[in-house]
Every structure is written in structure tokens, then in C-alpha cells.
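Asks: Sequence lines, in order, name chains S and D.
Residue numbers for the first sequence follow the working numbering, so the first one is 106 and each next one is one higher.
Residue numbers for the second sequence follow the working numbering, so the first one is 106 and each next one is one higher.
Where hints are given, some of them may not hold.
Identical chains blur together in the list; that is why a pair holds if it fits in one copy or across any two.
[As the list claims (entries may be wrong)] Pairs of lysine to aspartate or glutamate, EDC-like flavour, derived with a Cα cap of 16 Å:
#, residue 1, residue 2
1, Lys-527, Glu-447
2, Lys-369, Asp-727
3, Lys-482, Glu-595
4, Lys-360, Glu-407
5, Lys-124, Glu-160
6, Lys-642, Asp-602
7, Lys-163, Glu-262
8, Lys-132, Asp-142
9, Lys-271, Glu-117
10, Lys-455, Asp-159
11, Lys-585, Glu-544
12, Lys-181, Glu-201
13, Lys-555, Glu-248
These are calculated hints, taken from the structure and not from any lab test.
There are 2 protein chains.
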Amino acid sequence: MNVLEEEQTAFEIGVVVPKRDVKEEDKASDCVEVLVDEFRNLGLVVERVHGVVDEFIKLAAPLETLGRAAAELHIKKRTPIGMDLEFEWEEVDAFERQPDGSLFSWCERFRCYRHIIYGIINKSQSSVTLRFDSKEFQWEVGEYLLQKLESERIVKEVFPLHDEIKRKKLLQTWALHWWDFTNQPIDEIYSYFGTKIAIYFAFLGMYTRWLLFPAAFGLILHMFNFGSLQLLVLPIFFISIILWAIMFSQFWKRKNNALLARWKIRYPIRADLGYRQGMEWSSSQSIEIAKKWGTDKTKEREMFQRIEWFGRLMRFRNDAIIIFSIICLQLPFELAYAHIYEVIGSDIMKIGLTTIYLFAIQFFTQIGGKISVKLIKYENNENTEKKADSLVYKVFGLYFMQSYIGVFYHALLHRNFSTLRKVLIQRLLVSQVLENLLENTLPYLKYSYKKYRVRKKKREKGSSTGKIQFASRVEKEYLKPSYSASIGMELEDGLFDDFLEVALQFGMIMMFACAFPLAFAFATLNNITEIRADALKLLAMLRRPTPRFSTTIGAWLNIFQFLVVMSICTNCALLVWLYDEEGKWKIEPGLAAILVMEHVLLLIKFGFSRFVPEEPAWVKADRVKDAAKAENMCSKQLLRSISGERATFGELKKSQ
Amino acid sequence: MNVLEEEQTAFEIGVVVPKRDVKEEDKASDCVEVLVDEFRNLGLVVERVHGVVDEFIKLAAPLETLGRAAAELHIKKRTPIGMDLEFEWEEVDAFERQPDGSLFSWCERFRCYRHIIYGIINKSQSSVTLRFDSKEFQWEVGEYLLQKLESERIVKEVFPLHDEIKRKKLLQTWALHWWDFTNQPIDEIYSYFGTKIAIYFAFLGMYTRWLLFPAAFGLILHMFNFGSLQLLVLPIFFISIILWAIMFSQFWKRKNNALLARWKIRYPIRADLGYRQGMEWSSSQSIEIAKKWGTDKTKEREMFQRIEWFGRLMRFRNDAIIIFSIICLQLPFELAYAHIYEVIGSDIMKIGLTTIYLFAIQFFTQIGGKISVKLIKYENNENTEKKADSLVYKVFGLYFMQSYIGVFYHALLHRNFSTLRKVLIQRLLVSQVLENLLENTLPYLKYSYKKYRVRKKKREKGSSTGKIQFASRVEKEYLKPSYSASIGMELEDGLFDDFLEVALQFGMIMMFACAFPLAFAFATLNNITEIRADALKLLAMLRRPTPRFSTTIGAWLNIFQFLVVMSICTNCALLVWLYDEEGKWKIEPGLAAILVMEHVLLLIKFGFSRFVPEEPAWVKADRVKDAAKAENMCSKQLLRSISGERATFGELKKSQ
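Excised from the complex, chain S in its bound form:
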């Protein structure tokens, strides 16, 4: 069992409690001491750090502790025969390792940590009296300790800690590794941040690398004058850009599958029919239904169909509400702003209007996000990541209007390519540069402010008068802001904003590609810095984010594909305007109506399969139930034989 030799000493979880004055005789009943003792009893390695105003308990877990927790959680892990089987500590050799050699991925480790520390329960016969400074309270039998302490406001926060060695290595090989444009150490990012963030950076890297082609094409178009061929070059550019985008989204899916194969994660054959999602869904719903209806197959099937269609209807209703409110509330607002901005003469008024507008959209987005989160609660999405996807779709609608309505308005009003270009340059350059700046300075400012507040608090207490130093790294980390989304903490984290930025940029450059081919070059430059800026932000500016399990970029891929379809239509409109300078090709309203109807029908044709899946819910539930049954039946036997095989294989190797 050479696994046990593996070093697993890095502290990965921090628990924050306030500083107290504990006398020696009270130590046995001090709540923090009790907590620490419980941690030690569970096999965790504990280090206590006294900060300026708080005390920090750093936790690390030996591999065996994690393994036992994983077995309790019934975590499924990949085995060499390609099946995911429930983890058992006794058969540890039967499971595949991560690419970096460790047994558990960061996602799995985090789940185990949470299971361990939130699972501390009073197993004794009587309740235990806990003391916090002068306050006293009872830890009842069967009560969870950490939840109790959190509700008493004693445990301020539990958060994942940075691993200094790995963090510094990543800073060198990734964030500050400037001269290799798009190559990133994806495997290390995966083992440090988990799937979702690694997949974001893999996507961003591939997107930037692919952008080099249209950027070069756009540059050539901008620099050379093709004379009489000019009118032919633009359609060629348009077609090649669209083909490029179509190929990109398909090849990204392939790359995503290849990454998952490398990381030994079960491949979701198709997002909406994915196996893992199915599992989670079955565990929550189908078992309930099975309990209710027992062995009556037909009734069970009817029940499933009712649940399936009800969920779909709720989803449809929610989407309809969102789309309706965007069109009826947001669209007029955006148009009014764009119009007033055009009409107003003085520059000061313009600045004032823009300021009001910026505050207003901040406010609207917040409200939109909150309403969306509330609506999503009524949908029966299969798991948290599906819920997050549902939120992304809804909120993206808001941002789509915000970002593009102004540009469309200008394009329609002026019907002039040079004005459109100016607006685009302004949006692309200004917004991207500003966002990149804000993205990195805002966390720093927040951090500085928090530091200042802690110092002030300390001074008020009057313990010292000189400059207060934050000696411990864990305290500094605690003061750093967390990786959170601008639309709220529920369901989504900071990746939402990062993805949103990329998606809005993609929409901007694609939808107006014919008007401004140079945009691709700007986008490329921006993305190269974006990769580094995001990496720096994650490694240096923020706390280590909570790992999320998600095997694809989820909703964002569909948004990218939607933007490609949109850009086919908008670019065609742009080309019509461009070649129809004399206005001869007047499009009659009747013709326009028929064309619009045609496009809407085509979209429904290609989108309908998303609304009604190919596989009825009861068929899926049966399949998933069956698969689970099969795995459960053979799980233990298989594990033993795999371990056996590996052992003999190892002996063979040694004897050679």
C-alpha cells in the first residue's frame, strides 16, 4: 500500500473564530477547544493561528481520513475497467489516480472535508455545556456542532485555503508566463481549481488561439485596398468567419470530451441526457416516485410523464415571463436611452445621462437576477449546475439587450458604416479596458478596505497604537474577497462574469463582423491579457474559489451558438445595406413579414428538440435505475478482482 506514503500535509480548509481570552481551567468547556478536539478525533491535522482580531483553525486531512469520508459519501470513482464504482478505502488500489498522481480531485477532497467537519455530532448520552467567553450554551444530543456554532455566530466562516506551493508554481507557469500566448498548464489548473474553472480557461485558451485566424484576415482587410474587388472581399470574409465560428463550437465540444477523458471523468454523451445528471435526478425524484407507486408500472409511467411535462411547462412559463419583461420593459428603456443620447446636444448632459443610465442598469440587472433565481426555484431542474444554466440563459437575455440594443439603434438610425464602426471601437476598447481594470483593482480595493477596517477595530479596542502587521497568511486570505458573481451569490460564482465578458465580446465582434473586421484583432489582444488577468485574479487577488463539479461550459456554449445564428442574420442585413446604397432594394413590409416568419420557423425547427427531449422521462428513469442496480450488484466483487489484478501486475513488474 504505497498510497499511504503520499504526502497530504497541505492545509486546505480554514475555519474562522473570534479571538477569546480563555483561562486554563475553562479550556475543557471552551467551544473552540471542543471543536478543535473533535477535529483531531476525526483524524484531521489541525494548526491554530492567532491573527490580529480572529483566530484561524487550519485543517488538513491525511489520505485515509478523506478516503473513509469518500466511502461514507458513496463517491463514485473511475476504475481501470472504465466503470465508476463506489469508493471503498480497503480497495484503494482499484481506483484510478488523477493526472497529478493524487487519489482524489480537489472537488472530491472538498466534498469530503465538508462531510467530515459538518458531520460532527454529539454522540454522547447527555448534552455538553459549551462556553464562549462568558456566554454559555448547550450542545444537545444529536446536534451538529459546526452548524450550532455558525448559528451562534461563533464560527464566522469556513473557506478553502490556498496551497502556497502549488499557488506559486501556478503563478510562475501560468499567470506570469507571458511569452507563450495561449498555452496553459490545464492539468495543473484542474488539480488546483477543479473542473469548472479549468474548463473555462481551456475554452478561453482555445478561443484565443482560434481567433488568430480571423484577426489576421481582418487585419489584411483593413490594411489593403482591394480596389474593385472590395465588394467581393467582404462577403468572403463574412462566410469564412461564420464557417470559422461553426467549426470552433464543434471542435470545442471535441476538445471538451478529450479533456474529460484525460481527467477520467465520465463523459456526458450529451448534456441533456448525461449520465451523471441522470443519476442525481433519479436519486432525488425517481426513488420518491418508485416509493409512492411501488411496482405499478403504468401508474409510475404516468406519474413520470406528468412530472416531466409539468416541469417543462414551468420552464416554458418562466422563460416566457423573462422574454416578455425584457421586451416590454427593458427594450423601451434601452431605446429611450439611446435616443435621448442622440438627441441631446451638450456633452455634460450626455455624461450625466450615461451616469444615471449606468446606475439604472446595475439596479435592473440585480433585480433581474433576483427574479430569475426565484423563478428557477419552481423549475424541476435536475441538479445545481442545471439550475445555474437556467439562470445564465435568463440573465444573459438582460445583458444581451443592454450590450447590443444601442449598437443596433445606431446601425439602424444612421445606416452608415463609419458611425457604426466608431460606436463599435468605443464599446470594444473602452468597455474591455475598463472591465479588465475594474476586475483586478476592485478586489484589491475591497481587500485594502477590509484591512483598514480590521486595523480600525483593533485600534478602537486600544490594544496597540503602532502600525498593525498582518503576519499570518491565512488572515490575509480571509480578508480577500471571494470569487462571486455580480448577479448574486446563489447558483453562480465569479465564472459567470468572466464568461459573460467573453460571450458579449464574441457577440460584438461576430454580429457586426462585416462592419468592422478589425474587431477580431482587438479581441485577440484583449483575450491574451484576459487569460493572464483572470489567472492573476484567481491566484493572487481572491480567496481560493469553492470547486464546482461541471463537465462542460454548460449554457454558455448554447449562447455562443445562438450568437453565431444571430450573426448570420445581422451580417446579411449589413450586407444588404452595404450593397443597397441607392435604396433600390426596398424590402416591402409583406416580404419582410414573410422573411421574419421564415426565420422564426427555422429557429423553432432547430430549437424544438431542446424543449422536448428524445427520451421520455420514464425511459430515462428506467435506464438510470437499471444502470445503478447493475453497478451496485457488481461493485464489490469487481473492486476485489481489480485490486487483485493490479497486485499481480505490480509483482510481475518487480520480478522483471
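With the hints as your guide, set chain D onto chain S.
Replies: Here is chain D on its own, set in the frame of chain S:
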């Protein structure tokens, strides 16, 4: 083991040999006697029938004989835990039964029969001398007997026999069951004809049932005059028809999945990523590659990618050749015919021209089918059903042009709805009625001609002078034509023609829906008779078809979806013509070019994922290999425990 009691006495395979005069002393060395002895030795039940000119050996197999063959073939069967495991006769209780209670489906039985009778080999030490009338030849050691006899032209044919009891029951409950329009006993059809034919009839039934809605709508449109609303009603009809078609194709997929779940066939989550197909592919190719490259993962991966892309390129080249030749050769020909037909004045000339044309397209279609089959040989399609799909796509191109170019020509030339309607009625009624007649009379004529020839032959031999009666049912069946496709016997059977008819009808009614809403009612009537006509043909006119394993309607679903997209565009064009009677909305060539470009790009956008799959070939190969490994490892252990569980369950039931 109550399984053994099951009756399995129906004769299902017939072997045809010529009649001989065998003397008693030659019996030991007569080749047919040897064959029959071998059949009996293998555990088959043999019945010999002497026909008018031929002798027929009817074969039936007891369940155990089939089971042993299935185990030798490593046939995978569904078990109650939902996994498909290799069949083992000893653990027969561990496998799921078919809906009709038998252990093996007709597909599986047919495979077993073939395995048994074509597996007869000379296992003795020396070659055996066989005699056929006066001819003598050697059956060498290690040589297969049936192949030898087939190459010596002694065994004329091996064909599946009708099961009289089931056939008569199906005739009553299905073919002659007129008053229940669209309900069919699909499970019985499945157990008698196999998956592919059952799925065709399920599809046809559902299609006809769904057609009732547009048929009613079309009738209303035809019968009532909406006055000033008339111009509004047509677009509403158009939109609802398209929505109907979109919903139909999606709900068909759901129904297909539900059917497969009921028949206990592993559900193909997605046709191109299907598990079963993957298995077959892996068995032929990936094992070869694995052998070549051993454990070198990177080289194996590169190899896979090369094979994948080469196959895709070949497929692309073939499709390009087909499309190019259709456009360059067939299109001008069809247009020329349509034009000349318009120009010619006299009716006799018209009839003459049409006759020549009909012969010419028969000839062209034959050539096209042959070229396609040849081209497909160079593609690395995963299995025979994929090859058949590839053929269907290619040949459908030909038929598409044949059927619709004329109509398009009329529509474009006259720009007149009433002429178009006349052409449509002519095509729909005449062609459908003619086809239905031909479909059922042609087999009967063929059968009569064959009977006549046999009688003539017999008379020439001079054995009798009176009317010769075909007393044995098996001889009559032998004289019936087989269920074969008009484009040739390879890859496809008669289902091709039946599906083609439905698809061409669907295209005709959908693409010109706005011009002729009544077409849906015609189509409904036609389909109701079509179901019965096809059923009658299969049950009474033809030999029992060879069962094909195919879990979906394959290429035809994509063709239906393509026709829906086409019909969106054509109906829009029809509406433009309709509302633009004064010709005001003149579409400039520039605008038309841009619109065409847009539509082509949209199609590429939605079609590209078919060209490049999401999952790279090496990821898929890994997954499939892994799954196979897992199944092999636990197969035997699982079987034993399932049998055990079932036995205890049975006992429990008895004791209650």
C-alpha cells in the same frame, strides 16, 4: 426450469434442393441425406417435403439448440438488472423474455439458425465422398458443408419460412382489421418480423394518426370561404403545419425510445453515438488498431484520428460526387423533360415522351443505386445499417429530383396556383394509386409466372399431363418473390421502397402545403390503405423477409427533417408569390444572392455537427473498450446471482 417446456416446434427455415432419384443403397453417400443427418445431429427438427420439381427441408430448432448457438455467438441479451450480458444456456433464467414470452427474438433466432446450419464442418479425419444423382464430389476436411453444396448448385436457396399460426393471426388482427384506422398490434409485428419492419409500421401508424389534424384543417380551408380573412388563413395554416411537422418528428423519437424500452433493446441515446453501433465498430477496428500499436497510447490516438478523418473525407468526397452528378446530369435532364412536355402540343407525342422518360429514369435510378453502393464500399461506415443509411441518403437525392423538379418547374413557370394544384393532384392521386396497385399486383404476377414456369418445366420432363397442383405450402412460399428493394439487393430490402413512398408523399404535401391544403386529406386516406396494403403484401404476397436489426428508422428521419426545412423555405416563396400578384416586391438579384447565402450558412450551422461528431474517435473507442471490459469481468458472476435471485423470488411466490 420451466423454460424447456416452451413449445418451439414451428418450422422457421427452409432449404431447397432439387429432386433426385435415390436408390436405397446410395442413401449413405447422397449429399442431401448427409445434410439432413448433420442437421439432425445438431439437434434440429427436420421435416422433408417433396414438391413438384424440388425437395424442401424444413428446419425447426428446440430452445436448447438455439441457446447453445446463441452462447457460441456471444449474443448479448438484456438481464433484469438492465445490463446486456452474454448469453449462457446454463443461466437461462437470468435473461429477460420477449413481450410474447419467448426467450429469443426473431432476429436472434435467425442469427442462431444461420450460425447452426452454416457451421456444419467436416470434423472427421478424411474427406467424405458425396453423391448427387450421378455426380460425385469430395467434402474435404475442415470444409463447410452448406457452402460447398451452395457452390455446387445443389442447395438452391435457404430462406425463412412463414409461421402459419402467427401469420393467420396477424392477417386477422392487422392486415384485414379495417375498422380501427391506425392501431396496429406492434408487439406481434415485432415478434414476427423483427425490429426494422415493426418500427416502419409503428412510424407509418403514428404518421397517419398525426396526419388527421392537418387533413381536417386542410378540408376546412378547402370547404369554407373565409372572405376577406382568406389571406390571413393561409399563413396560419402554413405556420401550424410546420409546427405540426416539427412536433411530429420529435415525438416520433420519443415513441421510438419507448418502443425500444418495451422490447428490452438497449436504447441508442443518440444514433451516431449509439452504444451498440460503437460495440460493433470497436470489434472490427479498434481491436485491430490496439493490436498494431499495443500499449503506445499516443500513437494509437493519432492512428484513430487519422482513420476518423480519412473516413470522414471519403464520405465527404462521395457525397460531393453524388450531389455534383445529380446537379450536373440529372437536373438538366429533368428540366429538359419538363420543358419539352410543356412545349409539345400533341397528346400522342406527350404520351410517347413520358414513356421514354419513365424508362430512362428507371435506368438512371438503377445506375445511381449501383454507383452509390460502389462508392459506399470505400467509406468506413460502422456497420451494415449505417451503410444502408448512407445508401438511402445518396439515392434519395435522385428520387428527390425526379419527384419535385417537375413540380417546381411548373410552379416557377406559371406562377399560378391553380395549375400547380392540378399538377399536384395529378402526381398525388395518379402516382399513389398506381404505386399501390403495382405494389400488390407485381408480386402476384411474379408468383404466377414462376408457378407457370415450374409447371412448364415439369411438363417438359413429361411426368404428368394434367393440371399440376402445388400441394405443399413451402413450395408455394419458395415461388413467392422476396421482399427486395428496387435499387438492388445489396444493403437494402423492400423497406426502402415503402419508406421512399412515404417520404416522397410527405415532401409533396409539405413543400406545397400553401398551394394545396387538401393534399393532407388525400395523404391520410392513402396512408390508411397503405398500412393494410403493405401488411397484406408482407403476409400474403411475399416470402417472410429476413429480419434486420435496426433500432430506429435511420436515415429516413433525417430526410423527413430535411423536407421540413425545405418546406419552410418553399412555402415562404409560395406565400411571397401569392401576396405579390402585382409583382411589386421584385427581389433584386443582389438581395436574392444574400438571402441564398444566409440560408446556406444557416443550414451549414445546423448540419455541421453531423459532419464532425462531438466525441473524438479515440475517446469513443476508449469508452467502448472500457465498457466491454467491465461487462466481461462481471458477466458470469452477475448471471449467477441474478438466476439465484429469480429462483428465490419464484419460490417465495409459490409459497405464498
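Asks: So, for every hint listed, does it hold in this structure?
Replies: Hints versus structure:
no.: 1; hint: Lys-527 to Glu-447; in the structure: within (14 Å within a copy, 57 Å between copies)
no.: 2; hint: Lys-369 to Asp-727; in the structure: between (26 Å within a copy, 11 Å between copies)
no.: 3; hint: Lys-482 to Glu-595; in the structure: within (11 Å within a copy, 56 Å between copies)
no.: 4; hint: Lys-360 to Glu-407; in the structure: between (39 Å within a copy, 15 Å between copies)
no.: 5; hint: Lys-124 to Glu-160; in the structure: within (5 Å within a copy, 102 Å between copies)
no.: 6; hint: Lys-642 to Asp-602; in the structure: within (13 Å within a copy, 64 Å between copies)
no.: 7; hint: Lys-163 to Glu-262; in the structure: within (12 Å within a copy, 81 Å between copies)
no.: 8; hint: Lys-132 to Asp-142; in the structure: within (11 Å within a copy, 94 Å between copies)
no.: 9; hint: Lys-271 to Glu-117; in the structure: within (12 Å within a copy, 70 Å between copies)
no.: 10; hint: Lys-455 to Asp-159; in the structure: neither (48 Å within a copy, 100 Å between copies)
no.: 11; hint: Lys-585 to Glu-544; in the structure: within (14 Å within a copy, 79 Å between copies)
no.: 12; hint: Lys-181 to Glu-201; in the structure: within (11 Å within a copy, 28 Å between copies)
no.: 13; hint: Lys-555 to Glu-248; in the structure: neither (34 Å within a copy, 88 Å between copies)
This entry does not satisfy hints 10, 13, going by the numbered hints stated previously.
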